[in-house]
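S.K.: Letter by letter, the chains look like this.
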Amino acid sequence: MGFMQLLLILLVICAAATALSDNLLVSVIIYMSFSLLMSIVWIFMESPDLAITEAAVGAGITGLLMILALKKIHAIDARNELKKKKDKNGEDETHE
Amino acid sequence: MSDDSRSVLKQLLDRLTQEPLDRHMSEQETAEAGQDFYTYNAEEQRRYEAEHSEEQRVEGLLRRWNRSGGEKQARGLYKLLCTLIMLVFLAVMLYTVSFLPGFGSAEHPINNDVSRRYIEQGLQETGAVNIVTGMILDYRAFDTLGESTVLFTAAIVVLLLLRRDEESEKWSPLAAEAVRAPHSDNFYEPQHDSILQGSARILVPVILLFGVYIVLNGHLSPGGGFSGGAIMGAGLTLWAIAFGFDDIRRFFTYKTYQRVVLLSLLTYALSKCYSFYTGANHIESIIPLGTPGAILSSGLILVLNICVGFIVTCTMYCFYAMFRKGEL
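Protein chains in written order, with our numbering: chain A, 1 to 96; chain B, 1001 to 1328.
One should not assume that every hint holds.
[To be verified] In silico DSSO-like pairs for lysine-lysine, Cα to Cα no more than 30 Å straight-line:
(1) Lys1072/B to Lys88/A
(2) Lys1272/B to Lys1255/B
(3) Lys71/A to Lys88/A
(4) Lys1272/B to Lys83/A
(5) Lys71/A to Lys83/A
(6) Lys86/A to Lys1170/B
(7) Lys85/A to Lys1272/B
No wet-lab data here; the hints were simulated from the structure.
My request is simple: use the sequences and hints to build the entire structure.
M.R.: This is how it looks when you write it as structure tokens:
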């Protein structure tokens, strides 16, 4: 199995993990790593132009803007995480 | 609307137009107006009651269904349907892919006259060693102008949505407070992170130089205006994250943004107008193509690359600044 096959398998894993992860921030970070892998794949497919653009836009700017949007809508917030954990524990107690 | 309610509305309108608008209604007046406004006639009352009893009936049904484990069944059905639909889509997609020609095979439909022309005559016709830039900025320059305009439009929309409204901050203490309040999203961020600042000091000059190199060398090596601009925008953004906006605001304000982007778009459009005009009328263009491989070669492509680079850099940084604090 060559390096290219390894990259492609990792791409599929990253794509699935982006869709399946519960935390939005984790999704964005996995998506950025997907873009990084994709830029290496573009180099192997002999299109360095696309590789540069993918690395700058996909792994850099898009991820950054998505994280900023998540902050704007207060989806990344330490207090929210705490609250979620508390709610979960409270629910468990009531069920028991 | 019945005649009754129409006359009520007319009375209300008359009263509103006669009185100065900023006078507050007394409580009694408000109650009277409300009463006038919300009086139902008999038919409306009947319809309202019928609707209400219907709502209660449906609610009772839903509650009973919920108690008998209906919700769990529905969730299970939802998951089952999701899996089924996804599997069907997967099968259809894989079946379609099996008909595509193999990667890089000779009988691929993209191996037609157009791409042969690009490969064989691209260097003579555009003067660009990097054939991709030759295609993007010469053969298909109209597409790239559209892309730049789309980016510019996106920036305008972001400005409209996220720009801080300084007028409202003047008269509303609440709006002014919201910028600095603990619930604003950058209140708890570390302000002087030494790891971030140290790495930014080393990385940002290299990133900016690399971006300039990619823009200027777009017709010779991989890259071009868009990718170089994105890299430079990312470099500026990294500096802004590490050190705040003050350094960048010394040379890049909202006015600079407007002027640079508008000038770049106009230069792009004018130079492309010139080459479309000469090309369509079979006039020899006065812009020399130069020797392939030299930095000052390939006619207008260098100018267009620089224009696109400016637009993309400014827009990327503008996006970051708008999302972060609502002003440049």
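S.K.: Compare the structure with each hint and give your call.
M.R.: Against the structure, the hints:
1. Lys1072/B to Lys88/A: 19 Å, holds
2. Lys1272/B to Lys1255/B: Roughly 26 Å separates the two Cα atoms, so the pair holds.
3. Lys71/A to Lys88/A: 23 Å, holds
4. Lys1272/B to Lys83/A: 57 Å, violated
5. Lys71/A to Lys83/A: Given pair Lys71/A, Lys83/A holds - Cα atoms ~17 Å apart, limit 30 Å.
6. Lys86/A to Lys1170/B: Given pair Lys86/A, Lys1170/B is violated - Cα atoms ~40 Å apart, limit 30 Å.
7. Lys85/A to Lys1272/B: Between Lys85/A and Lys1272/B the Cα gap is close to 58 Å, so the pair fails against 30 Å, i.e. violated.
In this structure, the earlier hints numbered 4, 6 and 7 are contradicted, and the remaining ones agree with it.
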